[in-house]
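Enquirer: Residue-level listing of the chains:
There are 2 protein chains.
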Amino acid sequence: MPDAPKEIETLIEMMARLPGLGPRSARRAVLHLIKKRGLLMQPLAQAMQAVAETARECLNCGNISTADICPICESEKRRNSEICVVEDVADLWAMERSGVFKGRYHVLGGTLSALDAVGPEDLRIPKLIDRVEAETVTEVILALNATIDGQTTAHYIADQLEARVRVTSLAQGVPVGGELDYLDDGTITAALKARKSL
Amino acid sequence: MPDAPKEIETLIEMMARLPGLGPRSARRAVLHLIKKRGLLMQPLAQAMQAVAETARECLNCGNISTADICPICESEKRRNSEICVVEDVADLWAMERSGVFKGRYHVLGGTLSALDAVGPEDLRIPKLIDRVEAETVTEVILALNATIDGQTTAHYIADQLEARVRVTSLAQGVPVGGELDYLDDGTITAALKARKSL
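Same order as they appear, the protein sequences are chains D and L. If you read the first sequence in the numbering used here, its first letter stands for residue 1, the second for the next number, and so on. If you read the second sequence in the numbering used here, its first letter stands for residue 1001, the second for the next number, and so on.
It cannot be assumed that every hint is accurate.
[Claimed, not checked] Result set (SDA-like, lysine to any residue): computed pairs, CA atoms no more than 20 Å apart in a straight line:
#1 D/LYS36 - L/LEU1059
#2 D/LYS35 - L/GLY1173
#3 D/LYS36 - L/PRO1019
#4 D/LYS36 - L/ASP1091
#5 L/LYS1036 - D/VAL118
#6 L/LYS1006 - D/GLN42
#7 L/LYS1036 - D/ARG56
#8 D/LYS35 - L/ASP1088
#9 L/LYS1006 - L/LYS1035
#10 L/LYS1127 - L/GLU1082
#11 D/LYS6 - L/ASP1091
#12 D/LYS127 - D/ASP68
#13 D/LYS6 - L/GLN1042
#14 L/LYS1196 - L/GLY1173
#15 L/LYS1036 - D/GLY22
#16 L/LYS1006 - L/ILE1034
#17 L/LYS1102 - L/ILE1072
#18 D/LYS36 - L/ALA1067
#19 D/LYS77 - D/TRP93
#20 L/LYS1035 - D/ALA50
#21 D/LYS77 - D/PHE101
#22 D/LYS35 - L/GLU1013
#23 L/LYS1006 - D/ARG56
Hints in this document: simulated from the structure, not taken from any laboratory.
All chains should be built: construct the whole structure from the sequences, respecting the hints.
Expert: Following this line, the structure appears as structure tokens:
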């Protein structure tokens, strides 16, 4: 497009590659940035540069951190006995926001997928098995997404680890505040099967 | 939130201030960037820095450019006789994408608004009047949004300029490809009032 200067078009194209932004919203965002170039754009560019230079994956668990070993792996306040396995760092952050889990994490970096040719070696599954053998772990909690790939991955990991350690997974059921009328059949079926006496 | 390192939280907060991104999508975007920090994040940070340093408003028309006078104002191929007045640079780009207008532009930088205390001096209206007086303009085309503030601004500008130059505005009616069933009453009314014989 010849309507905006080349540098600005390049920036818009890059912004449009972010998840949640398309070409149109990227253009809006860039215009907004240019209007606030002193107050927002310069600091944002610098913050982005700083994170690009310092962020890396924790060598132990795969969490994103600015050090080789992340604060959760370093912390002495967290239990070594439990490892919570998640697909992605965003899931780890979601777990941490709930504040209920006090063990360690392991970030797989995706799920097994026959279609996309993702095997155990492409994820952090071998490292997980190493950790279970080396550390004093008594329970591995699988907090994978309730998708087909997520559940396939959960079954694979359970198969690998069941002989060595207790393997559990998050309960499926009605979300807190959820209305039955808006739930899919699968959730209702799962919640009914896993019903508890009061 | 103590779940992500401070630098990353700062970046997420800044990204969340962009239009179209909230806290959740900003977090997703930043995670995506961190995963592709070599391929996408570093170049994006640099592109943003470059634009922050070079982008500025054209001193003549208010278009965004990397020079003091924008390429449209500089171009010898465009007619001096017509000035198209738009609210925002995004509107100028939209007009340019259509490729139909061959005159010059004038970007107001917003609309008059009693509620937000935006008066003519807060916009580029005095500069527009100067241009109409100094340049060989025969027609001012108001391409303002069909909102109340946009139309108020159009009437104000028309009042100021009508004695000196022909003032027109974009036609209102059914959008090309639009279905009547999905149009609001105001558009149908405007299209009916402005009906043409075939």
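Enquirer: The structure should be examined with respect to each hint, and the outcome stated for every one.
Expert: Against the structure, the hints come out as follows:
Simply put, D/LYS36 and L/LEU1059 have alpha-carbon atoms about 17 Å apart, close enough for the 20 Å limit, and the pair holds. A C-alpha spacing of about 32 Å is found between D/LYS35 and L/GLY1173, which places the hinted pair above 20 Å, so the restraint is violated. Proposed proximity of D/LYS36 and L/PRO1019 is supported: the alpha carbons are some 12 Å apart, at most 20 Å. For the hint linking D/LYS36 to L/ASP1091, the alpha-carbon distance of about 18 Å falls within 20 Å, and the restraint holds.
Between L/LYS1036 and D/VAL118, the direct Cα distance comes to roughly 18 Å. Compliance with the 20 Å bound is thereby established for this hinted pair. A hinted pair counts as satisfied when its Cα atoms are at most 20 Å apart, and L/LYS1006 with D/GLN42 qualifies at roughly 18 Å. Between the alpha carbons of L/LYS1036 and D/ARG56 the distance comes to roughly 11 Å, so the proposed pair stays at or under 20 Å and holds. This hinted pair checks out: D/LYS35 and L/ASP1088 have alpha carbons roughly 11 Å apart, not beyond 20 Å.
Taken as a hint, the L/LYS1006 and L/LYS1035 pair is honoured in the structure, with Cα atoms around 17 Å apart against an allowance of 20 Å. Between L/LYS1127 and L/GLU1082 the alpha-carbon distance is near 15 Å, which keeps this suggested pair within the 20 Å criterion. Between the alpha carbons of D/LYS6 and L/ASP1091 the distance comes to roughly 18 Å, so the proposed pair stays at or under 20 Å and holds. At roughly 15 Å between alpha-carbon atoms, D/LYS127 and D/ASP68 fall within 20 Å of each other, so this suggested pair holds.
With a C-alpha separation of about 18 Å, the suggested pair D/LYS6 and L/GLN1042 falls inside the 20 Å cut-off, and the hint holds. In summary, the hint linking L/LYS1196 to L/GLY1173 is supported, as the alpha carbons are separated by about 11 Å, within the 20 Å threshold. The suggested pairing of L/LYS1036 with D/GLY22 holds, with an alpha-carbon distance near 18 Å, which does not exceed 20 Å. Between L/LYS1006 and L/ILE1034 the CA atoms are separated by roughly 14 Å; this keeps the pair inside 20 Å, and the hint holds.
Straight-line distance between C-alpha atoms of L/LYS1102 and L/ILE1072 comes to about 9 Å, which keeps the hinted pair within the 20 Å bound. A C-alpha spacing of about 18 Å is found between D/LYS36 and L/ALA1067, which places the hinted pair at or below 20 Å, so the restraint holds. Distance hint between D/LYS77 and D/TRP93 is fulfilled; the C-alpha atoms sit about 18 Å from each other, no more than 20 Å. Between L/LYS1035 and D/ALA50 the CA atoms are separated by roughly 15 Å; this keeps the pair inside 20 Å, and the hint holds.
Annotation: proposed proximity of D/LYS77 to D/PHE101 holds, straight-line Cα distance about 12 Å (limit 20 Å). With a C-alpha separation of about 18 Å, the suggested pair D/LYS35 and L/GLU1013 falls inside the 20 Å cut-off, and the hint holds. At most 20 Å may separate the alpha-carbon atoms for a hinted pair to count; L/LYS1006 and D/ARG56 meet this at roughly 14 Å.
Hint compliance for this structure: hint 2 is the single one not met.
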